[in-house]
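Novice: Sequence order for the protein chains is F and E. Residues -10 to 375 (this note's numbering) are what the first sequence spells out, left to right. Residues -10 to 375 (this note's numbering) are what the second sequence spells out, left to right.
These are calculated hints, taken from the structure and not from any lab test. What you were told as hints is all true, and nothing was included just to trick you.
Any copy, or any two copies together, can satisfy a pair, since identical chains are not distinguished.
Each computed DSS-like pair below joins lysine-lysine, with the alpha-carbon atoms no more than 25 Å apart:
#1 Lys308 with Lys(-8)
#2 Lys104 with Lys308
#3 Lys11 with Lys237
#4 Lys11 with Lys243
#5 Lys43 with Lys53
#6 Lys(-8) with Lys27
#7 Lys53 with Lys(-8)
#8 Lys288 with Lys43
#9 Lys43 with Lys(-8)
#10 Lys53 with Lys104
There are 2 protein chains.
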Amino acid sequence: MLKVAVLGHGTVGSGVYEVFEKNAAQIAHTVGEPVEVKYVLDLRAFPELHYADKFVTDFEIIEKDPEILAVAEVMGGVGAAYAFSKRCLRAGKSVCTSNKELVAAHGEELLAIAKEHNVNYLFEASVGGGIPLIRPMIQCLAANQLQEICGILNGTTNYILTEMIRNGVSFDDALAEAQRRGYAEKDPTADIEGHDACRKICILADLAFGDKIDPEQVSCEGITQITLEDVAAARRMGYAIKLVGRAKRTEAGKVYACVAPHLIPETNPLASVEGVFNGIQVTGDMVGEVMFYGRGAGKHATASAVVADMMDALLHREKRRPIEWGNGAQELLLPLDDLVSAWYVRGEVDDALARCKTEGAAITIPMTVAERNAKLPHAEGAMRVL
Amino acid sequence: MLKVAVLGHGTVGSGVYEVFEKNAAQIAHTVGEPVEVKYVLDLRAFPELHYADKFVTDFEIIEKDPEILAVAEVMGGVGAAYAFSKRCLRAGKSVCTSNKELVAAHGEELLAIAKEHNVNYLFEASVGGGIPLIRPMIQCLAANQLQEICGILNGTTNYILTEMIRNGVSFDDALAEAQRRGYAEKDPTADIEGHDACRKICILADLAFGDKIDPEQVSCEGITQITLEDVAAARRMGYAIKLVGRAKRTEAGKVYACVAPHLIPETNPLASVEGVFNGIQVTGDMVGEVMFYGRGAGKHATASAVVADMMDALLHREKRRPIEWGNGAQELLLPLDDLVSAWYVRGEVDDALARCKTEGAAITIPMTVAERNAKLPHAEGAMRVL
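Just need the whole structure built from these sequences, with the hints factored in.
Specialist: Structure (structure tokens):
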């Protein structure tokens, strides 16, 4: 019997326990022996649960128990989660997490500690919930030079945009409905301003390009400025407006990265990713474009990815996965303003360039931001066209 | 320097060599040391190539060279490829392949030999070309009970159907164009009759359900009977006709499997998989539906998946991947006729059931084949609705 622990009994944490319980037989078959959740760490008590006796409030019990081989860190945040993750890794326990904030901020340090102690730090669930993405990217596409990652990484904003596109619902009403359905937090800032997507694209860029891309330095724009008129104008021209995280390697090996609403041509499969779903396109020099699609959140979906990582860590106890990236010293990031794009604009635009003057137009001459400002000084609502 | 060999220098085989050459630095970084293709086995000579000195015609040279740790079997077929794969595994060399015919026919035997000799038999490239699919399914979704796999697994037939749907091109003209573009073989039988898709869905079902599903016993229907009228009728009703491979587990643990044209609702992302692209939906009890999408064929895409498997085999020399399935003794397969579906039919149908009498109608009452025959004795062109 292999023993593991779960740090945090929120939505994902309780999901992790339930996945271990519900699919115990299959997990035992794959791992080679049964796996037991020995402890659940939470400051709250859950006396009504049939596994109430598993709860502990003192992290040291887990840290000092040599039986515990792997830990699910599903607390979130960069405070206690950061400290406990380091202490678990140093105690020789693999850590598997859905905590995108922590991975984006301190992933390289945690991976280095994991390497030093010959254990795993795995975080498949930190991007795209249960959608297989990180492992396929670094293993199945390992023979490729990765060139670009472009993804709809946040289900909340994609739900809001889908409501605006499909049903003509205003941003405010769509946000209120998302909150009512539990897709958006009471304070929706991290979603609608793009911070959540920004952490995720940074994690993918770190993995793809081998050096830390700091979320604080990545241009990050949300969806609060998009109007129903923009959505309608885009649709007339054959595009869907989507909030995407992009990271693109130049031939010189530098990287452009951003989170921003983009006009996506309807022929691109990303344009068909609707509602709370996520879709992530990865371009490799050998494989071309591949896309991963599914629900990017949800209790059991996310939990199942954490549990799969734990199974992998248990199976590969002797041989850890060689995941690492640099500390940012390579300074890969280029200023986004220099990335040439076709642009969508509205307002006062020059007739010679655009199809229409005021309603919203896609201008297909690739331009930097400075060139766009020079050529279209009065244009408003600029968005890049993918 | 780690040494490998390539068996076969056709399209994929030459691609494997080129991927090793072009991305040598990255491959060395990931694997931990450089990897050299020491031999290429082919009966033909290629004196014009700069690696002409690598070619051998005698398989024993590879088999008896203890330096060779992994072999790419990219010969195809179940003759020499089968014999050589067994001999490589028995000689302690991992084998990585794109040979779907061999994996579908003898995968369980080759996996058992690999296990016995503590080496890997890997075949990511056998389904979906370069699209990450098999490894994500068995690793990232390992905490799920897999419930259904439904995929567009053959790019040739999807190209033909897309031409029929989008451009009103007849089946014969679309096939001729596919042949002209190199998407279809001179003898297109294996593609258009569904045999290629059948091997692929069987491999995925073997992996998902743990016991051999024999392609010879799976109901397999191609696309030659689909008319432009069917395509148009489906489209009017909001469906796209796609050739899918399906494998579905029942609650009792048995399996329905088939290859057949299906009507896919336009809201299902599989309906948006166009041209030569593949899309594979996998449903797990925890994660729900996820989809993998990309080009399902192509020299470098397929080769890059073979090379990624070889890198993985080299990295995990001490600890092989625990992939296996049974020899078919569980007899999982149920007769397809008992699978209830909504149906599309045309011809003489009852007004009370269908929207129209002759042009093609979707009948949404779930029925088995016998029930359909009893209720709609004169209907023609029956296809299941997904």
